[in-house]
Amino acid sequence: MEYSSKAIEAKWQEYWAKNRSFEPSEDFTKEKKYILSMFPFPSGRLHMGHVRNYTLSDAFARYYRQQGFNVLHPIGFDSFGMPAENAAIKNGSHPKGWTYDNIDYMKGEFKTLGFSFSKERELATSDELYTKFEQGFIIDMYEKGLLYRKKGFLNWCPHDQTVLANEQVVDGCCWRCDTPIVKKDMNQYYFKITQYGDELLDDLKKLEGGWPKQVLTMQENWIGKSNGLAFDLAFDEASLEKLNNKFKSFDVFTTRPDTIYGVSYTALAPEHEIVSYMIENNLLDKEVVIKINEMKNASSIDRQKEKSGVPLNLHVIHPLTKKSVPVWVANFVLMDYGSGAVMAVPAHDERDFDFAKKYDLPINAVIKPFEGEANCDKAYTEIGELFNSESFNTLNSKDAQSKIIEYFEEKKIGKKTTNYKLKDWGVSRQRYWGAPIPFVHCNDCGIVMEKKENLPVALPHDVLINGEGNPLENHTTWKHCKCPSCGKDAIRETDTMDTFVESSWYFLRFCASPKNWENEAFSAEQIKYWMHQNGHEGVDHYIGGIEHAILHLLYARFFTKVFRDLGYLDFDEPFERLLTQGMVLKDGAKMSKSKGNTVDPDALIEKYGADTARLFILFAAPPTQELEWNDSAVEGAYRFIKRFYERSSNIYKTDTIPAIVHSSLSKEEKFARKKVYEALVRANDVYGEKYTFNTMIAGVMEAMNALNLQANSDVWSEAYWILTSIMEPVIPHTCWEISSKYFSLNNLRVQKVIEEVFVEDTITLGVSINGKRRCEIEVASDESDENIISIAKESASKWLEGKNIIKEIVVPKKLVNLVIKD
RNA sequence: GCGGAUGUGGUGAAAUUGGUAUACACGCCAGACUUAGGAUCUGGUGUCGCAAGACGUGGAAGUUCGAGUCUUCUCAUCCGCACCA
1 MEYSSKAIEA KWQEYWAKNR SFEPSEDFTK EKKYILSMFP FPSGRLHMGH
51 VRNYTLSDAF ARYYRQQGFN VLHPIGFDSF GMPAENAAIK NGSHPKGWTY
101 DNIDYMKGEF KTLGFSFSKE RELATSDELY TKFEQGFIID MYEKGLLYRK
151 KGFLNWCPHD QTVLANEQVV DGCCWRCDTP IVKKDMNQYY FKITQYGDEL
201 LDDLKKLEGG WPKQVLTMQE NWIGKSNGLA FDLAFDEASL EKLNNKFKSF
251 DVFTTRPDTI YGVSYTALAP EHEIVSYMIE NNLLDKEVVI KINEMKNASS
301 IDRQKEKSGV PLNLHVIHPL TKKSVPVWVA NFVLMDYGSG AVMAVPAHDE
351 RDFDFAKKYD LPINAVIKPF EGEANCDKAY TEIGELFNSE SFNTLNSKDA
401 QSKIIEYFEE KKIGKKTTNY KLKDWGVSRQ RYWGAPIPFV HCNDCGIVME
451 KKENLPVALP HDVLINGEGN PLENHTTWKH CKCPSCGKDA IRETDTMDTF
501 VESSWYFLRF CASPKNWENE AFSAEQIKYW MHQNGHEGVD HYIGGIEHAI
551 LHLLYARFFT KVFRDLGYLD FDEPFERLLT QGMVLKDGAK MSKSKGNTVD
601 PDALIEKYGA DTARLFILFA APPTQELEWN DSAVEGAYRF IKRFYERSSN
651 IYKTDTIPAI VHSSLSKEEK FARKKVYEAL VRANDVYGEK YTFNTMIAGV
701 MEAMNALNLQ ANSDVWSEAY WILTSIMEPV IPHTCWEISS KYFSLNNLRV
751 QKVIEEVFVE DTITLGVSIN GKRRCEIEVA SDESDENIIS IAKESASKWL
801 EGKNIIKEIV VPKKLVNLVI KD
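Residue numbering for the first sequence follows my numbering, beginning at 1 and increasing consecutively.
No lab work stands behind these hints, which were simulated from the structure alone.
No experiment lies behind these values; they were computed from the predicted model shown.
Keep in mind that a hint or two might mislead.
[Said to hold, decoys possible] Below 25 Å or equal to it, Euclidean Cα-Cα: the simulated DSS-like pairs (lysine-lysine) are:
no.	residue 1	residue 2
1	K368	K150
2	K451	K132
3	K206	K192
4	K807	K213
5	K11	K421
6	K305	K357
7	K423	K184
[To be verified] So the derived label-pair ranges between C-beta atoms look like this:
no.	residue 1	residue 2	range
8	G535	T179	44 to 54 Å
9	N227	P460	47 to 57 Å
10	I809	M218	15 to 25 Å
11	E473	D101	19 to 29 Å
12	D198	G535	23 to 33 Å
13	M218	S592	22 to 32 Å
14	A633	T179	20 to 30 Å
15	G487	R20	44 to 54 Å
16	T418	E518	26 to 36 Å
17	P460	K150	20 to 30 Å
18	E473	M218	34 to 44 Å
19	D101	P460	13 to 23 Å
20	I763	A17	43 to 53 Å
21	R20	S299	47 to 57 Å
The beta-carbon is built from N, C-alpha and C at its ideal position, and this holds for glycine as well.
Given only the sequences and the hints, what does the whole structure look like? Please build it.
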């Protein structure tokens with residue numbers, strides 16, 4: 001009975017493949033579970049983060065199959081993207097060949113890890129069939145005005161030679177290659193995600209409980225809703241003249257209208273159109289222009305270092321006091337938030353204060369603390385009581401805010417406004433390996449959508465990828481086409497889509513039978529089934545890394561709402577429960593090639609087998625915590641499996657669970673049974689809410705330790721009937737092997753908990769004196785409190801001598817506490 | 001700066017939610033079997049102490065018969081956001 005991971009694992013992997021064991025049933029009357037892991041980018045090999053991710057989802061999928069659910073547990077590859085092109089530049093490979101070779105290899109790895117994915121629903125998002133439907137949705141969205149093209153200042157990564165969405169810029173650098181981004185002015189397509197800002201924010205409430213709090217907070221902050229007042233600041237006569245009457249005013253936004261009487265200057269972003277106009281028309285001194293250009297060109301990190309600005313020698317009229325207020329350009333004013341202009345109240349805003357100090361601008365306090373006096377040594381940013389504010393004096397900040405907004409609205413000089421940090425999602429990428437945006441530029445008709453029957457607009461195979469420019473733009477023939485509307489010569493759009501578009505709807509694609517994939521993106525009937533259950537909506541368990549807390553998860557939520565409004569779906573949120581797994585660390589740091597602290601899954605499987613890898617991963621830490629890799633603990637996992645396998649020699653063949661008369665057992669046998677059923681209870685707790693596989697496995701180990709203390713083959717056999725069922729989601733190969741050998745696979749299903757094994761004749765109670773544990777006593781489980789106390793007193797007599805007992809507490813089945821006094 | 005999380009043996013971690021702190025595992029120590037052991041099995045292992053015992057969940061205080069768990073303050077580490085007007 002030597003344990004051989006290789007022979008056992010290969011055998012069952014073949015068996016599962018041959019028997020289509022993990023294909024979902026199309027019997028839609030059964031209860032279902034949709035278990036989904038975030039699909040991988042086919043970079044070449046799986047890393048430990050993937051293994052952890054898929055081990056978790058696989059455990060869920062296998063558990064629910066045992067429980068009799070119809071389980072959809074699909075996988076695919078997020079296969080467009082820049083690494084394929086970077087590899088092309090480096091090795092001369094073709095992105096497509098490189099991608100699909102990697103996919104083949106990684107599919108092999110899935111198999112050797114025993115993951116119970118549906119093979120038949122596997123897909124790659126670079127498949128033309130996938131692009132075809134995606135481009136169809138893009139056209140729908142364009143028609144609805146949810147996709148538009150405009151010129152703007154974009155985040156440009158000089159290394160990847162492409163633009164990035166705001167979400168994809170991390171600390172001023174490219175999220176993929178860490179190159180500092182620069183701003184570039186160019187045309188690009190945007191999804192109007194801001195139109196869904198409110199709903200994306202409000203619906204976070206529906207996800208409470210199902211999603212980690214942290215992710216909800218991050219999304220909330222990202223959307224960044226703030227309420228306030230927007231109003232116009234009109235130029236004075238001299239300024240109007242200076243601007244050739246081109247601009248009469250500009251718009252500002254404030255969340256603190258209560259501080260409006262404290263305005264002492266206003267500031268425009270260096271990119272503001274009024275500033276640009278003045279530069280273009282030589283209305284500014286040379287030195288001023290140089291300073292403004294410096295501000296514009298500074299990286300976002302440099303720009304944050306120190307506040308700086310220049311006056312424009314323009315003035316606006318304060319809307320309430322009618323006083324003249326100078327207009328400055330300031331580097332801390334951001335063009336892409338609000339209107340790119342601010343009213344500055346140095347007395348009550350730290351940024352405005354710093355700037356005013358530096359340039360010696362007036363600081364006018366208008367809010368004072370409810371207790372105490374106004375103080376101009378630093379900005380007072382708390383709420384308080386208004387003064388120097390004409391008719392609003394003595395109001396508190398909160399009341400003043402609404403009163404002042406009301407006043408502006410009455411006078412029609414301003415409006416209550418909501419602003420969002422969230423910006424529209426820029427989706428153009430100037431690269432080859434992505435889904436082409438299915439539009440055509442026609443001299444006569446403008447931007448024209450490709451006809452749906454002509455989809456997909458597929459990529460040309462013969463491209464030159466050398467890292468210079470956009471390969472589609474440079475291709476000699478591909479971009480030339482006929483206008484779908486007028487038939488004249490036209491040019492194809494050469495931008496491709498951000499790969500986050502593909503991952504925004506892949507979970508819906510799995511809701512279709514592969515035999516219909518040619519004809520439909522997803523099936524209404526299957527969406528209705530897989531994405532709904534008992535009033536709940538969405539994927540039942542979605543498992544992946546926290547690094548997608550904003551990007552992918554926000555985009556997927558947005559697409560779900562758009563698809564709903566396009567009439568394709570009838571629910572609001574795609575993922576009901578989200579489990580974000582922790583990182584895999586080695587030597588205290590995230591595994592990475594550059595640090596040289598990686599563990600190769602293939603080598604691990606070669607040495608110990610997939611079951612060992614899976615067991616270690618689930619045992620070493622709870623899923624949401626970081627997982628510190630430990631080679632000798634892996635060894636320990638291997639030894640446990642080996643023991644578990646070899647001790648099956650204690651059991652006999654049976655097709656039903658052995659019947660045992662509990663009362664006839666010895667103390668050790670009863671104890672072993674109790675431990676086995678305790679493990680079962682723990683196992684059932686894991687999947688609902690707690691996900692604590694580590695304690696479930698500890699329970700099984702405890703049961704094994706208890707079984708070793710006795711030799712009753714009925715008890716052993718019953719135990720294995722249950723334990724192989726509990727452990728099957730974790731170490732499936734070993735469990736199927738044992739189960740097929742002894743139980744004809746009949747035990748891999750719901751197990752019943754028997755209560756009688758938990759009933760004990762005697763119980764052990766701790767005895768504490770003044771809360772300090774002193775000794776323990778063994779009493780009959782139905783002993784009266786009165787007797788328990790007298791037994792406790794007797795056994796603790798040593799500590800009670802000469803003391804008065806003033807209180808006696810019995811905690812049922814736990815302990816006795818005696819409170820004494822000298 | 002703002003927001004969130006975490007802090008328990010040499011290590012990864014448990015603790016049925018206010019009731020015997022350290023389950024389970026790794027490591028370590030000792031023993032058995034062995035030509036041998038990086039195999040297997042058995043036993044031990046929070047700290048101090050010869051012992052009785054004392055101390056012990058980052059630190060300080062509080063509530064309680066009783067606190068890892070609740071309250072207040074504080075320290076440390078990690079993560080997210082960050083000139084968002």
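Comparing the hints with the structure gives:
Note on K368 and K150: the hinted pairing is violated, with a Cα-Cα distance of about 45 Å set against a maximum of 25 Å. Restraint check for K451 and K132: the C-alpha separation of about 11 Å stays at or below 25 Å, so the hint holds. Between the alpha carbons of K206 and K192 the distance comes to roughly 22 Å, so the proposed pair stays at or under 25 Å and holds. Taking the CA atoms of K807 and K213, the gap is near 44 Å; set against the 25 Å cutoff, the hint is violated.
For the suggested pair K11 and K421, the alpha carbons sit about 55 Å apart, so the restraint of at most 25 Å is broken. A distance of roughly 16 Å separates the Cα atoms of K305 and K357; the hinted pair therefore holds under the 25 Å criterion. Between K423 and K184 the alpha-carbon distance is near 17 Å, which keeps this suggested pair within the 25 Å criterion. In this structure the hint that G535 and T179 lie 44 to 54 Å apart at CB holds, the actual value being about 47 Å.
Range check, N227 to P460: Cβ separation about 50 Å, and the 47 to 57 Å hint holds. Under the hint 15 to 25 Å, the C-beta atoms of I809 and M218, about 46 Å apart, miss the expected range. Checking the proposed 19 to 29 Å range against E473 and D101 shows it holds: the Cβ atoms sit about 27 Å from each other. In this structure, D198 and G535 meet the distance hint of 23 to 33 Å, their C-beta atoms being roughly 24 Å apart.
The given range of 22 to 32 Å is respected by M218 and S592, whose C-beta atoms sit roughly 23 Å from each other. Remark: the range hint 20 to 30 Å for A633 to T179 is contradicted by a beta-carbon distance near 38 Å. Judged by the Cβ atoms, the range 44 to 54 Å given for G487 and R20 holds: they are separated by roughly 49 Å. Restraint check, T418 to E518: a C-beta distance of roughly 45 Å breaks the suggested window 26 to 36 Å.
In this structure the hint that P460 and K150 lie 20 to 30 Å apart at CB holds, the actual value being about 28 Å. A C-beta distance of roughly 36 Å is found between E473 and M218, which places it inside the suggested range of 34 to 44 Å. The hint said 13 to 23 Å for the Cβ distance between D101 and P460, and at roughly 20 Å that hint holds. With their beta carbons about 51 Å apart, I763 and A17 fall inside the hinted range of 43 to 53 Å.
In this structure, R20 and S299 meet the distance hint of 47 to 57 Å, their C-beta atoms being roughly 55 Å apart.
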